[in-house]
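Chemist: Listed in order, the protein sequences are those of chains A and B. Counting from 0, one number per residue, gives the positions in the first sequence under numbering that gives the first Met the number 0. Counting from 0, one number per residue, gives the positions in the second sequence under numbering that gives the first Met the number 0.
Take these hints with a grain of salt, some might be off.
To be verified - Dumping the calculated DMTMM-like pairs for lysine to aspartate or glutamate here, alpha-carbon to alpha-carbon at most 20 Å:
1) A:Lys323 - A:Glu309
2) A:Lys323 - B:Asp219
3) A:Lys236 - A:Glu223
4) B:Lys122 - B:Asp219
5) A:Lys236 - A:Asp222
6) B:Lys92 - A:Glu309
Bear in mind the hints are in silico, worked out from the structure with no lab data behind them.
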Amino acid sequence: MSAVVSETPLAGVVKAAKKPARFSLARRTIITPILLSLLLIAITLITVMTGSRPFNQTVIDVLVRVIFVVGLYIFIGNSGVLSFGHVGFACLGAYATAWLTINPIMKSSALPGLPEWLLQTRLPYWEAAVLAALFAGVAALIFGRVLMRLSGIAASIATFAVLAMINTIYSNWDSVTGGTSSVVGIPIIRTIWPYLIGAVVAIFIAWAHAISRSGLALRAARDEPIAASASGVDIPKERLVAFVVSGAVMGLGGALMAHSIGVVTPDTFYLSLTFTTLSMLVVGGMGSLSGGVIGVVLLSALIQALRWLEAGVPIGESTFAMPKGLQEIALGIIMIVILALRPSGLMGNREVTLPRRNRG
Amino acid sequence: MLQILFDALSLGSLYALGALGIALIFGVMRLVNFAHGDVIAFCVFALLWPSTDAMAIVFAGQLPWYLLVPFVLLCGAGLSVLCEIVVFRRFRKANPATMMITSFALGFVIRYFLLMLYSSRPKSISLLPTLSQPVEIFGARLPLLQLITIIATMAILIGLTLFLRQTRFGLEMRAAAENFSMARMLGVRANRVIMGAFALSGALAGAIALIFGSQTGTADIQMGASIMLMAFIATVIGGLGSLGGAVLAGFLLGAASVVMQVMLPVDARPFRDAFVYGAVILVLLFRPQGLIAARGTKERV
Chain A
0 MSAVVSETPL AGVVKAAKKP ARFSLARRTI ITPILLSLLL IAITLITVMT GSRPFNQTVI
60 DVLVRVIFVV GLYIFIGNSG VLSFGHVGFA CLGAYATAWL TINPIMKSSA LPGLPEWLLQ
120 TRLPYWEAAV LAALFAGVAA LIFGRVLMRL SGIAASIATF AVLAMINTIY SNWDSVTGGT
180 SSVVGIPIIR TIWPYLIGAV VAIFIAWAHA ISRSGLALRA ARDEPIAASA SGVDIPKERL
240 VAFVVSGAVM GLGGALMAHS IGVVTPDTFY LSLTFTTLSM LVVGGMGSLS GGVIGVVLLS
300 ALIQALRWLE AGVPIGESTF AMPKGLQEIA LGIIMIVILA LRPSGLMGNR EVTLPRRNRG
Chain B
0 MLQILFDALS LGSLYALGAL GIALIFGVMR LVNFAHGDVI AFCVFALLWP STDAMAIVFA
60 GQLPWYLLVP FVLLCGAGLS VLCEIVVFRR FRKANPATMM ITSFALGFVI RYFLLMLYSS
120 RPKSISLLPT LSQPVEIFGA RLPLLQLITI IATMAILIGL TLFLRQTRFG LEMRAAAENF
180 SMARMLGVRA NRVIMGAFAL SGALAGAIAL IFGSQTGTAD IQMGASIMLM AFIATVIGGL
240 GSLGGAVLAG FLLGAASVVM QVMLPVDARP FRDAFVYGAV ILVLLFRPQG LIAARGTKER
300 V
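Next up, chain A with everything else stripped away, as it sits in the complex:
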């Protein structure tokens, strides 16, 4: 992969303003999502060729995390506001797909509080995943209407409150969500392709949003809030757009995650998933789509290697195994070291593109 530094698409739009060629911004930046998708496709193909089952599951996890982190990027990267609440939308998506796909007989005994029409419904998983994404998007719209009026750290903590709120409700509303016990019976999809498609779709959504009018305005507001609002950017509105789009992508990710493991509990979608996904985004580089995707791939590889060490590696006659918990400790330490060396993440604000000839 040839990574060449290029400016954010914002610089492109200034030039385009003089002579607005059609789709010039789209043509100039589309190489980034294509390269990232190729990376994921390559990983998937290697997995399919090795044909190993545990490896298959690992790569499915990676692809689901890509969806989450891209979802986070759409809001956090473009607005510059850290959000801790997005995993809540993944939780909404996962439960929505559970409601829609579980066998009606099981559903009426496990979740008797659901409305009659929902108890009778049984959709194929991909329809359910799309509906789950829409549901999460609507929820993000409702929460976002309120939250986006806040700024900076207040908004970050308020999103934390949203996460805790969703978790409290889903942990206690026994008749509809099964409380803290796990909801079982979600059809498990073991083939890797749906997850690949989900991740690629997420990447292209993020790209389309980033070069849309709203995305450009939002990034302008992130870098120069006062200048942007003086030029007529309605910051709360643009933030809301990003929040809804990213909420929907998180919902999609949550739904696919539910289908990859087959059970959901509210605590699957709480602090530890928030921490993992956020750290992948920040390590990769908060302001960059490529950073997010690369962060997921790198940290997932690292987690996998550490897990493998924890399980025990045969060295000569004895097996060397790390004590339990060391995996997380090592992960935390590596993250701190990366952040100390590169405070704005591995990619910073840059994207991967092909080398361009005429720059200027």
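Place chain B on chain A using the hints.
Modeler: Frame of chain A; chain B shown alone:
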């Protein structure tokens, strides 16, 4: 009625102390310290001898109280200062988001360090058992512990206020919270002030650990998380960086939780926390800068 008041005050005390610990650090270095909750958990576990058995083997917990209390406070302060020296010192110039994630990662490291030594099973401990006996005040039967919690919190708050207002170090710390670079130019030592803030905040975490540990009678590596979440929220509603605001908001949150516990219909009670978080978002909508806006946090153009 009196019972409710005391419940609210003692829960509020915990939140207020937690919020204070976070606000102190935020004031001097604009760091939202997610590792605070894990420092609390560390202090509780410092009382136990490392073992992965379900039965807790008491270590320092056997000390008489006049040694136990300083020991736990020192543990908290020590760990907190260590975090500053090893980690946060390298992030002074980083942006707040990076610092937040770093503290998150550090908290994670501390938590799994505890998990490695003690396993994830909650352990029952009896910390200062004499305190759980009830006492009778104005016709209400209260656990002695609740009373001591409230009194201790008041003492800590008064002590801290005196410290910040009357000593040179307190003055430096307040100056640094208001305008850090100006304070440095006027001769305030940055390292000293920041380490002082971390030590104080760690000692507060130790105090919370003592109170919470003897209230619940269990040691759990997750125990810091719930208090910390409320403490954060309290710091924000109180106005980030404002110490008085943090304390006020901590007590308000405690009061709101207890009042909702009593007022809500039985069916809605499990959702109490959801209502509290909802109320928090409402407060933020009307006062985004917090109840008491701190000076020096507003950005200038």
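Chemist: Now tell me, hint by hint, if it's right for this structure.
Modeler: Quick rundown of the hints versus the structure:
no.	hint	result
1	A:Lys323 - A:Glu309	holds (7 Å)
2	A:Lys323 - B:Asp219	holds (17 Å)
3	A:Lys236 - A:Glu223	holds (16 Å)
4	B:Lys122 - B:Asp219	holds (6 Å)
5	A:Lys236 - A:Asp222	holds (17 Å)
6	B:Lys92 - A:Glu309	violated (35 Å)
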